[in-house]
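> Sequence:
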Amino acid sequence: MKKPLVLIASAAFVAGAYIWSFGVPASVSPFIGAETETPAASNTRPAGRRGGGATSVVLTPLTLMPYGDTLHAVGSAKALQSATVTSDVSGKITALNLTPNTQVSQGDSLVQLDDRVERLNLEKAEGELAQARDAVSRYERLRATGNATVSDVAISDARLAQQLAEVNVGLAQLALDDRTVLAPISGTLGLSDLNVGDTLGAGMAIVTIDNADALIVDFELPERSIALLAKGREVLLGTPSLTGRVFTGHITSFDSRIDPTTRSVSVEARVENADGDLWPGMTFSVRLIDQTAPMAALPSTAVTWSRDGARIWVAQDGTAVQQPITIVHRRNDLVWLDVDVPAGTMVVTEGAQKMRAGAKIMDVGDHAAEEQVPQAERVNAPARPSAPPSSEQPT
Numbered sequence: 312m313k314k315p316l317v318l319i320a321s322a323a324f325v326a327g328a329y330i331w332s333f334g335v336p337a338s339v340s341p342f343i344g345a346e347t348e349t350p351a352a353s354n355t356r357p358a359g360r361r362g363g364g365a366t367s368v369v370l371t372p373l374t375l376m377p378y379g380d381t382l383h384a385v386g387s388a389k390a391l392q393s394a395t396v397t398s399d400v401s402g403k404i405t406a407l408n409l410t411p412n413t414q415v416s417q418g419d420s421l422v423q424l425d426d427r428v429e430r431l432n433l434e435k436a437e438g439e440l441a442q443a444r445d446a447v448s449r450y451e452r453l454r455a456t457g458n459a460t461v462s463d464v465a466i467s468d469a470r471l472a473q474q475l476a477e478v479n480v481g482l483a484q485l486a487l488d489d490r491t492v493l494a495p496i497s498g499t500l501g502l503s504d505l506n507v508g509d510t511l512g513a514g515m516a517i518v519t520i521d522n523a524d525a526l527i528v529d530f531e532l533p534e535r536s537i538a539l540l541a542k543g544r545e546v547l548l549g550t551p552s553l554t555g556r557v558f559t560g561h562i563t564s565f566d567s568r569i570d571p572t573t574r575s576v577s578v579e580a581r582v583e584n585a586d587g588d589l590w591p592g593m594t595f596s597v598r599l600i601d602q603t604a605p606m607a608a609l610p611s612t613a614v615t616w617s618r619d620g621a622r623i624w625v626a627q628d629g630t631a632v633q634q635p636i637t638i639v640h641r642r643n644d645l646v647w648l649d650v651d652v653p654a655g656t657m658v659v660t661e662g663a664q665k666m667r668a669g670a671k672i673m674d675v676g677d678h679a680a681e682e683q684v685p686q687a688e689r690v691n692a693p694a695r696p697s698a699p700p701s702s703e704q705p706t
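Per our numbering, the very first residue in the sequence shown carries number 312; after that it's consecutive.
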C-alpha cells in the first residue's frame with residue numbers, strides 16, 4: 312500500500328516542478344481551471360527562471376557621468392592690503408585728516424605734528440651748506456688765477472665741509488618729514504580716537520587702513536585635498552552676513568607642509584569685492600569642488616565580488632558575461648568604474664548575485680516591458696473569423 316502512495320506523491324512533485332518552470336500547457340489549462348495571461352495583462356515582474364531556463368534580471372545601460380567630490384571648510388577674510396598707521400616720533404598733534412570710512416591714497420597726510428624746531432634746524436643746515444659752497448667756489452677761483460696762497464689742503468677741507476653740510480641738510484629734512492604721518496597704502500580709514508592737541512607717542516597706533524577691493528580668505532583643507540590644490544583653482548564662498556549669495560574666489564597660495572596636529576593644509580583664496588559688500592573679518596563657508604571627466608557609472612547592485620575582485624555582468628546575445636572592474640568612486644547607491652566596456656552596454660543591475668558564466672538571461676525591467684507593449688497589443692487584438700480560438704479543443 313505504501314509503494315503506490317510513494318509513486319503518486321513523486322508524480323505530483325514532478326508535475327508541480329514542471330508547471331512552476333514552464334507554466335500550465337494551453338491544452339490542459341481549461342480542464343484544471345487555470346487562466347492564461349497575456350503579457351499586457353500583468354504589471355508584475357516575473358521572478359526566477361522563465362523562458363526555457365532563462366534567469367529573470369533587470370538590465371541597465373552603462374552610462375557616463377562625471378564624479379563630483381566637494382570639500383567643505385570654514386574661513387575668515389582679511390583685506391587684500393591692511394596697515395596700522397603709527398608714528399616714528401612723538402610730538403603734539405597740530406592737524407588731523409582721519410575721517411572714518413573715507414578713502415585715502417598712499418602718501419596722503421593723515422597727522423601733522425608740531426614741526427617748528429625741525430623747520431629751524433633745516434634752515435640752519437641749509438645756511439651752513441650755502442656757506443660751505445661759497446668757500447669752495449672762492450678757493451677754486453683763486454686757484455684758477457694762479458694764487459699760490461690757496462693750498463690743496465685748504466681746497467680739500469672746504470670740499471669736505473660742503474659734504475658735511477649737505478648731510479646735515481638731509482638729516483634736518485628727514486626730521487621734518489617725520490613730523491608728518493602719511494598713509495602707507497591706499498584704502499579705507501578705520502576709527503581713531505585722536506584729537507588735535509593730543510600728544511602722540513612714538514609707535515602709538517593712530518588708525519587702520521584696509522584696501523578691500525579684494526579679500527583674502529584663509530581656510531584649511533584636509534590632507535586628502537593636496538592633489539586638488541593649484542593656484543587659480545576656483546572655490547565657492549558663502550557668508551551668513553549675505554545669505555543666499557555665492558561668491559567665486561580663486562586659490563592664490565597654500566602652505567608647503569601639512570600641519571602634524573590637525574593633518575590639514577592652510578590655503579588662501581582671493582575673492583573680488585568691487586561693490587564693497589564684503590568686509591574684512593567676515594566668516595565664509597568654502598567649497599572646493601572636484602569634478603572628473605565623464606566615466607562609467609552604475610548602481611552598486613550591479614557589482615559582485617569574487618576571489619579575483621569586483622566584476623559586473625554584461626548581456627551579450629541573451630547570455631551573461633562577467634567583466635572585471637575597478638571601483639574608482641562610490642557615493643550612496645552609485646559607483647564609478649574603470650571598466651573596458653563601451654557606454655550603452657546593457658549590464659545586469661538586479662539579479663547579479665545569482666549569475667553564472669554563460670547563463671541565459673531575460674530582461675524584465677520597465678524598459679523591457681515597454682518594448683513588449685506593441686507585441687502585447689497584437690496578442691490581445693480580436694482574432695480573425697477564420698482562425699479558431701486558441702482555447703478550442705478538437706472534438
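Calculated from the structure, these hints are not laboratory results. C-beta: ideal position from N, C-alpha, C; glycine also. Where hints are given, some of them may not hold.
[Stated by the list, open to error] Cut-off 20 Å, straight-line C-alpha distance, at most; resulting in silico cross-link-like pairs (SDA-like, lysine to any residue):
id: 1; residue 1: Lys389; residue 2: Ala365
id: 2; residue 1: Lys671; residue 2: Ala365
id: 3; residue 1: Lys389; residue 2: Leu485
id: 4; residue 1: Lys542; residue 2: Ser577
id: 5; residue 1: Lys542; residue 2: Pro605
id: 6; residue 1: Lys542; residue 2: Thr381
[To be verified] Distance windows between CB atoms, simulated:
id: 7; residue 1: Thr554; residue 2: Val639; range: 19 to 27 Å
id: 8; residue 1: Val400; residue 2: Asp588; range: 23 to 31 Å
id: 9; residue 1: Gln627; residue 2: Gly555; range: 45 to 53 Å
> When the hints from earlier in the document are held up against this structure, which numbers fail?
Hints 1, 3, 5, 7 and 8 are the ones this structure does not satisfy, whereas the remaining hints hold.
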